[in-house]
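**Student:** As a plain string of letters, each chain reads:
Number of protein chains: 6
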Amino acid sequence: MPQPDHIVRVPLPEQDILDDDIKKYFAKCVEKLGLVPYVLRAYTGNQAKLRNFISFYNTLMLDEETCALSKLEREMIAVVVSSANRCYYCLVAHGQAVRELSGDPQLGEMLVMNYRVVELSARQRAMLDFVWKLTKVPHEIAEADRQALRDAGFSDADIFDICDVAAFFNYTNRMAHGLDMMPNREYHAMSR
Amino acid sequence: MPQPDHIVRVPLPEQDILDDDIKKYFAKCVEKLGLVPYVLRAYTGNQAKLRNFISFYNTLMLDEETCALSKLEREMIAVVVSSANRCYYCLVAHGQAVRELSGDPQLGEMLVMNYRVVELSARQRAMLDFVWKLTKVPHEIAEADRQALRDAGFSDADIFDICDVAAFFNYTNRMAHGLDMMPNREYHAMSR
Amino acid sequence: MPQPDHIVRVPLPEQDILDDDIKKYFAKCVEKLGLVPYVLRAYTGNQAKLRNFISFYNTLMLDEETCALSKLEREMIAVVVSSANRCYYCLVAHGQAVRELSGDPQLGEMLVMNYRVVELSARQRAMLDFVWKLTKVPHEIAEADRQALRDAGFSDADIFDICDVAAFFNYTNRMAHGLDMMPNREYHAMSR
Amino acid sequence: MPQPDHIVRVPLPEQDILDDDIKKYFAKCVEKLGLVPYVLRAYTGNQAKLRNFISFYNTLMLDEETCALSKLEREMIAVVVSSANRCYYCLVAHGQAVRELSGDPQLGEMLVMNYRVVELSARQRAMLDFVWKLTKVPHEIAEADRQALRDAGFSDADIFDICDVAAFFNYTNRMAHGLDMMPNREYHAMSR
Amino acid sequence: MPQPDHIVRVPLPEQDILDDDIKKYFAKCVEKLGLVPYVLRAYTGNQAKLRNFISFYNTLMLDEETCALSKLEREMIAVVVSSANRCYYCLVAHGQAVRELSGDPQLGEMLVMNYRVVELSARQRAMLDFVWKLTKVPHEIAEADRQALRDAGFSDADIFDICDVAAFFNYTNRMAHGLDMMPNREYHAMSR
Amino acid sequence: MPQPDHIVRVPLPEQDILDDDIKKYFAKCVEKLGLVPYVLRAYTGNQAKLRNFISFYNTLMLDEETCALSKLEREMIAVVVSSANRCYYCLVAHGQAVRELSGDPQLGEMLVMNYRVVELSARQRAMLDFVWKLTKVPHEIAEADRQALRDAGFSDADIFDICDVAAFFNYTNRMAHGLDMMPNREYHAMSR
Chain A
1 MPQPDHIVRV PLPEQDILDD DIKKYFAKCV EKLGLVPYVL RAYTGNQAKL
51 RNFISFYNTL MLDEETCALS KLEREMIAVV VSSANRCYYC LVAHGQAVRE
101 LSGDPQLGEM LVMNYRVVEL SARQRAMLDF VWKLTKVPHE IAEADRQALR
151 DAGFSDADIF DICDVAAFFN YTNRMAHGLD MMPNREYHAM SR
Chain P
1 MPQPDHIVRV PLPEQDILDD DIKKYFAKCV EKLGLVPYVL RAYTGNQAKL
51 RNFISFYNTL MLDEETCALS KLEREMIAVV VSSANRCYYC LVAHGQAVRE
101 LSGDPQLGEM LVMNYRVVEL SARQRAMLDF VWKLTKVPHE IAEADRQALR
151 DAGFSDADIF DICDVAAFFN YTNRMAHGLD MMPNREYHAM SR
Chain R
1 MPQPDHIVRV PLPEQDILDD DIKKYFAKCV EKLGLVPYVL RAYTGNQAKL
51 RNFISFYNTL MLDEETCALS KLEREMIAVV VSSANRCYYC LVAHGQAVRE
101 LSGDPQLGEM LVMNYRVVEL SARQRAMLDF VWKLTKVPHE IAEADRQALR
151 DAGFSDADIF DICDVAAFFN YTNRMAHGLD MMPNREYHAM SR
Chain F
1 MPQPDHIVRV PLPEQDILDD DIKKYFAKCV EKLGLVPYVL RAYTGNQAKL
51 RNFISFYNTL MLDEETCALS KLEREMIAVV VSSANRCYYC LVAHGQAVRE
101 LSGDPQLGEM LVMNYRVVEL SARQRAMLDF VWKLTKVPHE IAEADRQALR
151 DAGFSDADIF DICDVAAFFN YTNRMAHGLD MMPNREYHAM SR
Chain S
1 MPQPDHIVRV PLPEQDILDD DIKKYFAKCV EKLGLVPYVL RAYTGNQAKL
51 RNFISFYNTL MLDEETCALS KLEREMIAVV VSSANRCYYC LVAHGQAVRE
101 LSGDPQLGEM LVMNYRVVEL SARQRAMLDF VWKLTKVPHE IAEADRQALR
151 DAGFSDADIF DICDVAAFFN YTNRMAHGLD MMPNREYHAM SR
Chain G
1 MPQPDHIVRV PLPEQDILDD DIKKYFAKCV EKLGLVPYVL RAYTGNQAKL
51 RNFISFYNTL MLDEETCALS KLEREMIAVV VSSANRCYYC LVAHGQAVRE
101 LSGDPQLGEM LVMNYRVVEL SARQRAMLDF VWKLTKVPHE IAEADRQALR
151 DAGFSDADIF DICDVAAFFN YTNRMAHGLD MMPNREYHAM SR
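Chains as they are written, first to last, in the numbering used here: chain A, 1 to 192; chain P, 1 to 192; chain R, 1 to 192; chain F, 1 to 192; chain S, 1 to 192; chain G, 1 to 192.
It is possible that some hints are incorrect.
One copy or two, it doesn't matter: identical chains are merged, so the pair holds either way.
Stated by the list, open to error - Using 25 angstroms as the maximum straight-line C-alpha spacing, the simulated SDA-like pairs for lysine to any residue come out as follows:
{"hint": "1", "residue 1": "71", "residue 2": "158"}
{"hint": "2", "residue 1": "71", "residue 2": "56"}
{"hint": "3", "residue 1": "32", "residue 2": "64"}
{"hint": "4", "residue 1": "32", "residue 2": "48"}
{"hint": "5", "residue 1": "32", "residue 2": "16"}
{"hint": "6", "residue 1": "23", "residue 2": "60"}
{"hint": "7", "residue 1": "71", "residue 2": "10"}
{"hint": "8", "residue 1": "24", "residue 2": "12"}
{"hint": "9", "residue 1": "136", "residue 2": "100"}
{"hint": "10", "residue 1": "23", "residue 2": "70"}
{"hint": "11", "residue 1": "133", "residue 2": "11"}
{"hint": "12", "residue 1": "32", "residue 2": "119"}
{"hint": "13", "residue 1": "28", "residue 2": "55"}
{"hint": "14", "residue 1": "136", "residue 2": "153"}
{"hint": "15", "residue 1": "28", "residue 2": "71"}
The set of hints was computed from the structure by calculation and includes no laboratory data.
Please model the complete structure; the sequences and the hints are all you need to start from.
**Tutor:** So, in structure tokens, the structure goes:
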């Protein structure tokens, strides 16, 4: 059964027409990750949008100065939101990130399939219950839900960041579904 | 019945501690719009995130060089996604934008309440049906849905932008719900 | 964008063939409200049904002898039920009524868009939670839900009336959706 | 297992305090049907409302001059709407009516349980598909749905009446759920 | 209105080609029940599968040595699961079984239409709430749900059996829906 | 993060008390598969039920004489049903089976996460669309759905088997959810 070999279902420009800063950034990706994530390739038709995406993403997922959530926690949110939305791209890419950051391949699988089967700490369970609800029935989120996060030890700044990460993957999931975005195949074998 | 007077349900810093570029940007907002949209105030606890948001938003909603959708069409998408998600903040702010850009207050109301009652062009109906589906059942979007956009006259670049705008309001709606974000009251009376 | 100018999607008789009592009633509407609500016009194809509708409606929404709910509370229920059902006609007509009776235009908007963002009294919150549930998942209403109303200060007679108003707008919403009923345009500008 | 012996979960007045016209109407019910339907008893706390209900109901379900739908078709709609809403009272009372009017006890059962298993005429299938959709997702009803009724042979006046009957049982179902209304036990054994 | 006279929507072999053990079993059914349940006839195209079904079913529903749930309780579960799934075959066949085993025809009707209206013991209510949830949102079942069964007096072995019966009717309901399986008409009149 | 080490959330007997035929069968499992699937261990509290399960399962999934679906097709159905129901046990165990039988690890991942992203043959797409619908909205399956299978080349016997496999995993998924059944950890690393 031949698998898809597209990145998205709209045409993309040749990579050699990209601006130099983008070319350099892609080279850095290859150096660090061994690949240019296809989500970045997907934006190459509009480099202004690509730059915004990179900047937004890097602050959201990687910044450690202003965001107190661990990188693993952010990736766990990414996977659980993507599981709720059944987003193939993000489940593959961020499932791999969870396997890598946690050193626990089974945890990645569980979050992809059904986060409720994981034996989570009260803190992480509260966090993932919140992001599942925010994804599925956002208009039903109430002060009691924020309070549950506070009761589990999260600060108000953490609550902002939890919302931000969860909301963002509701963005990326819809970009991936809307464009039928495929992940780089290399992710599948990594960190097993 | 006293109405809410908060911006979000997490504490925000005093405005005078903000960096100069942000202060200038807010001053420009007041000059142009008569107000600083509360969604910007909501990010002042993390100015790196605020800068990303502004940059992302402005390219997405205002850029006319690389995006061929009209500003009104982008605002129509914003309202319909926010209607699907029942997001008070975005319905108020972007409902006002539709009223202003269309010069048709009733159109704004209809999109807020039920876009299916509007007598839309085939192009706009296809666009709004797509974004409603992408919002409500993203994993069911298929090539047939993209083809329906092409059949209605949209280019592949337009499809990218339609996905982008629709996906982004799935982000902002969840920030607003997650933080109980209130809109500036001034919007209610504008463009009636 | 030309907006709809129909009342419903089935033909209606000329108004001059209506019976005298109906003509008089419509004249009284014009005198009091400045218009004949289109929902009444929608029934003119069957005047026996129109008379039943008027009588039912007036007791339900206007009677102050046997029903202890305030008129504003009844209109709040009407709007929240219509929001759950995304009914354009009733949101426009009864949203206006809430704006007028409350003197608070923002309250009308909030109930249309998402009643959960309003800072309601415990009594009104209990009332609106009940009617939302009765609208969306009627078969899940249980004694605990009625008890929540009693705990919020409602009498058994009030409970009957809350059910009656909420149930009735589940009727009218479906008449409006089924016939694509449009509201009089005058409502939009009133009580802003 | 003792079964419920209440009519509704709010107190009702003694029957001897009722006004004479109501007493006479109830006597006529006993004469014709062998019972006073509990739904009428349920309204005895507010006789103005009871009179409205009786008048509305009788025109809707029994009038043969202005409504061209057969009584059986109206009862079929009643049962299918009540099946969608899982309303015990209306399924019992109107399931019995279908059994009686059709002379086909199995038809009553099928409509209660899943109308899709009945081998219906194209006309009746179109009618029941319409009322199921109007009940479950009223905001998705579109001109195509009305056209399907016309294509199946219904007039515009019939469409008005189909909407009216379907919408009304969305009213009564919610009164029954809201008040936990029980049907007269006699219905169970009738017309088997 | 002629009712369906098929068993399933795929062809079945003549009964005389069946193996002797099956013929004998069917004869025993006629002797005991007065009929061969059509669900058994439905499997005659694959007698190995038929034998598995019979064996599975008989242990599940009839064995009294290793399963402590009463036969009536098992049938109540069957009906409530089938009500959730709106399965005509199983509602007819097992609704009859509830009527017979309970000697209470009304109980059978109530479970078919909406089990929440029955005045159940705490034990039976807990059991039926569990199987409804396991049917409708299986991935949301949590330890708290199992604990609610224990609190209502069920043993761990009972919990295994409750899951087993509820899960099995999620199997049979889908066989019946998938094949449009009709029940023997004799069930309708039995145990009224 | 320590992962769960239970099989199910009800106590199981020691394995040495099992009957000889079961012990032999388990030994054969170890010989062939390298493990005793935990789903079999889960039934050891009731060996009559365990024997039924084994017999039912083996005919359903392994028999090649009377069932024309390939083993891979049956496993694909198992995974897609389990994805719809978000069943961790079955996704792990049968996801591994798809990886092994197809020799395509990515196919297993795609079916777990969202089967719609796979570039399936028309035959397999029809099959998986059918089982998804049968799982999620069984009461909406209609003759048109069976016809779509016939149009894709399936025989009536195949349709029976497709229903059977899909229905059965609606059984096992609910056993797994109801008992919080964990898969053997060995599956995770197999066939990557």
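**Student:** Next step is simple, just say for each hint if it's right about the structure.
**Tutor:** Quick rundown of the hints versus the structure:
1. 71 to 158: within (13 angstroms within a copy, 34 angstroms between copies)
2. 71 to 56: Both: 15 angstroms inside a chain and 23 angstroms across chains, each within 25 angstroms.
3. 32 to 64: within (18 angstroms within a copy, 35 angstroms between copies)
4. 32 to 48: Both: 23 angstroms inside a chain and 24 angstroms across chains, each within 25 angstroms.
5. 32 to 16: Answer is within: at 20 angstroms inside a copy they meet the 25 angstroms cutoff, but 40 angstroms across does not.
6. 23 to 60: Close inside one copy (22 angstroms) and across copies (23 angstroms); limit 25 angstroms.
7. 71 to 10: For residue 71 and residue 10, the Cα distance is within 25 angstroms only across copies (22 angstroms; inside one copy 32 angstroms).
8. 24 to 12: Result: close within a single copy only, 18 angstroms intra versus 37 angstroms inter.
9. 136 to 100: neither (27 angstroms within a copy, 32 angstroms between copies)
10. 23 to 70: neither (29 angstroms within a copy, 30 angstroms between copies)
11. 133 to 11: between (35 angstroms within a copy, 23 angstroms between copies)
12. 32 to 119: For residue 32 and residue 119, neither the intra-copy (32 angstroms) nor the inter-copy (31 angstroms) Cα distance is at most 25 angstroms.
13. 28 to 55: both (15 angstroms within a copy, 23 angstroms between copies)
14. 136 to 153: within (24 angstroms within a copy, 32 angstroms between copies)
15. 28 to 71: Classified as within; 20 angstroms inside a copy, 35 angstroms across copies.
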